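Undergrad: What follows is each chain in one-letter form.
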Amino acid sequence: MTATIPTLPQARLDHLLAAYGREVARRRRRAALALAVIVVLALVAGRYGEVDLTNLLDHLSNLSSYFGRIMPKLHAASLSADVADWYWDFFGWLKLLLDTVLIAYLATLAGAAGAGAVAFLAAANLAPNRYARWGAKRLLEFCRTVPDLVFALLFVSAFGLGPLAGVLAIAIHSFGTLGKLFTEVIENIDMNPVEGVRSAGGRFVDVVRFGALPQILPNLASYALLRFEINVRSSSIVGFVGAGGIGQDLFVAIRKFYYTDVSAILLLIIVTVAVMDLLTERIRHRLHPVARA
Amino acid sequence: MRAHPDILGEDAAAVLARHHAVLRKSRGRRALELGAPFALAASIVFSVWWLDISFAQIGPGLLELVKFVALMFPPSTGGHLALFLTSMGETLAIAFLGTLIAAAVAAPLSLLAAKNTAPSQLLRFMIRRLLDTIRGIDTLIWALVFVGVVGLGPFAGILAMAVSDSGAFGKLFSEAIEATEARQRETVIASGGSRWMALRFGLLPQILPVIAGQILYFFESNTRSATIIGIVGAGGIGLQLSEQIRTYDFDQVAFIVLLILVAVAAIDWISGKLRFAIIGRRQALP
Numbered sequence: 001m002t003a004t005i006p007t008l009p010q011a012r013l014d015h016l017l018a019a020y021g022r023e024v025a026r027r028r029r030r031a032a033l034a035l036a037v038i039v040v041l042a043l044v045a046g047r048y049g050e051v052d053l054t055n056l057l058d059h060l061s062n063l064s065s066y067f068g069r070i071m072p073k074l075h076a077a078s079l080s081a082d083v084a085d086w087y088w089d090f091f092g093w094l095k096l097l098l099d100t101v102l103i104a105y106l107a108t109l110a111g112a113a114g115a116g117a118v119a120f121l122a123a124a125n126l127a128p129n130r131y132a133r134w135g136a137k138r139l140l141e142f143c144r145t146v147p148d149l150v151f152a153l154l155f156v157s158a159f160g161l162g163p164l165a166g167v168l169a170i171a172i173h174s175f176g177t178l179g180k181l182f183t184e185v186i187e188n189i190d191m192n193p194v195e196g197v198r199s200a201g202g203r204f205v206d207v208v209r210f211g212a213l214p215q216i217l218p219n220l221a222s223y224a225l226l227r228f229e230i231n232v233r234s235s236s237i238v239g240f241v242g243a244g245g246i247g248q249d250l251f252v253a254i255r256k257f258y259y260t261d262v263s264a265i266l267l268l269i270i271v272t273v274a275v276m277d278l279l280t281e282r283i284r285h286r287l288h289p290v291a292r293a
Numbered sequence: 294m295r296a297h298p299d300i301l302g303e304d305a306a307a308v309l310a311r312h313h314a315v316l317r318k319s320r321g322r323r324a325l326e327l328g329a330p331f332a333l334a335a336s337i338v339f340s341v342w343w344l345d346i347s348f349a350q351i352g353p354g355l356l357e358l359v360k361f362v363a364l365m366f367p368p369s370t371g372g373h374l375a376l377f378l379t380s381m382g383e384t385l386a387i388a389f390l391g392t393l394i395a396a397a398v399a400a401p402l403s404l405l406a407a408k409n410t411a412p413s414q415l416l417r418f419m420i421r422r423l424l425d426t427i428r429g430i431d432t433l434i435w436a437l438v439f440v441g442v443v444g445l446g447p448f449a450g451i452l453a454m455a456v457s458d459s460g461a462f463g464k465l466f467s468e469a470i471e472a473t474e475a476r477q478r479e480t481v482i483a484s485g486g487s488r489w490m491a492l493r494f495g496l497l498p499q500i501l502p503v504i505a506g507q508i509l510y511f512f513e514s515n516t517r518s519a520t521i522i523g524i525v526g527a528g529g530i531g532l533q534l535s536e537q538i539r540t541y542d543f544d545q546v547a548f549i550v551l552l553i554l555v556a557v558a559a560i561d562w563i564s565g566k567l568r569f570a571i572i573g574r575r576q577a578l579p
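Chain order of the listed sequences is A and B. Following our numbering, the numbering of the first sequence begins with 1 at its first residue and continues without gaps. Following our numbering, the numbering of the second sequence begins with 294 at its first residue and continues without gaps.
Hint data in this document are derived by calculation from the structure and do not stem from the laboratory. Be careful, since some hints might not be right.
Pairs of lysine-lysine residues, derived as DSS-like cross-links and limited to a Cα-Cα distance of at most 30 Å, are as follows [to be verified]: (1) B:Lys-566 x A:Lys-137; (2) B:Lys-464 x A:Lys-180; (3) A:Lys-180 x A:Lys-137; (4) B:Lys-360 x A:Lys-137; (5) A:Lys-73 x A:Lys-256; (6) B:Lys-566 x A:Lys-180.
Take a look, some chain A residues computed to stay more than 12 Å from chain B by CB distance [claimed, not checked]: (7) Pro-9; (8) Arg-29; (9) Ala-36; (10) Ser-78; (11) Ala-81; (12) Trp-134; (13) Met-191; (14) Pro-193; (15) Thr-260.
The structure displayed is predicted, hence computed values, not measured ones. Glycine is no exception: its CB is placed at the ideal position from the N, C-alpha and C atoms.
Let's have the full structure, built from the sequences with the hints guiding it.
TA: Structure representation (structure tokens):
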């Protein structure tokens, strides 16, 4: 027995196939156009970016040998001595790592405190007036758009070399980013408690303290912890411009080609960042599961 | 303090006493409420002491800062407008090419790193660790390394951005792949398609909007990062910025910062429009 699949009449089929063909062709044209735009942009960017493939190919062996050279020379026979040699300044670096973490810690606290104050002025549902809101939003925008390293450069010129410049720079950047996140959290609160406090005669401060704060505190803390993770990474970098932390030693090691120092310090930074991430993740899970933004 | 209005019709103290058991906080909670501020204060004091931050530093520093800000007005190009614009172009080029190359490198890696498409578990494990390591090293460190390899200039910046973002993209893309439905790929296989066809018709349509959104988002944030990698000599506006700060030409610093703000806002606007066109209102972003 042969089964036949009923097909549409030929005229109808032709019509449908033509429409399908047109639709596919339209999509292909759009994809080709997008591709062409990307290729043109890439070529223009390549010119501006001084892309030089022969240069890269010439130096590619440098790159692989670089990673070969920064690897420590460890031999099974003299392992402990080799490790001791590799980490010759272990305790000095450990101290700098603690510096790095503390810079991030202070900066996160300061940034979160400032953001917590300003976010209430910037939130659409609580702002006392339009002008305060506009000003607060622009301030936050400015603080998060200017990169923290630029602030660090400025502060190193103003306050001198050292961790203070790093703390301030990262704090200002955190203030900008956390301020925006906090504002969004505040704009999503349940307004009933706020109206309750208002109708009982509460002023702005009372509304914030009793109407809004209890709802949002776990979320704010969670975002601040998330920011702390990011700040640990930033504070390991600000040393590049002299603003404290382990970055200074790493910068010197890379610039002066102290190869094994580079790998030693990088490994320490990676481990520190991983440990901090684990710790804050623990705390965040205990706090309250925030919908991960 | 004002007197409580007698709305209950009975003594407020009596009501409180009646519900004391409910209202009383547990001992642990009271200890936490008392202890937390102390711990916080102690940790701050310790940090300030350890970092050797002296408050005597702050006053003169602030004065200096006010001086800098006063010098910033009015912002001026200092006759270097063409140079600044070219550098800004370099910055955009670094962000664009860096993101593009990173996405191109990460796409095949993410197929090998995703649970549901990885050909071997061992390979998957190794690629994941590789991506973690790459991601753990900041773009600026990669920039320093590449300046050592290919010399000063934006090319080093492009390579640095491409490498460090391929780590992030590899993770994000593989998560996007793991979140897809297997049925569509199975359908392609069941109707006689090859494995490549399964990827092309069963997988790609599901992940394309997600990863396109992520790429655009990274392009935005890379525009910001690309403004600073010039500080270590890897091209872009950062080089001019750090030079002007070091020579105390703050009117030009102000001009460059304004230039950065405008460029970043423009890129945000364009990429926001594109993102909206691709994935609509729901933004599945990191």
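Undergrad: Could you tell me which of the hints above the structure violates, numbers in ascending order?
TA: none
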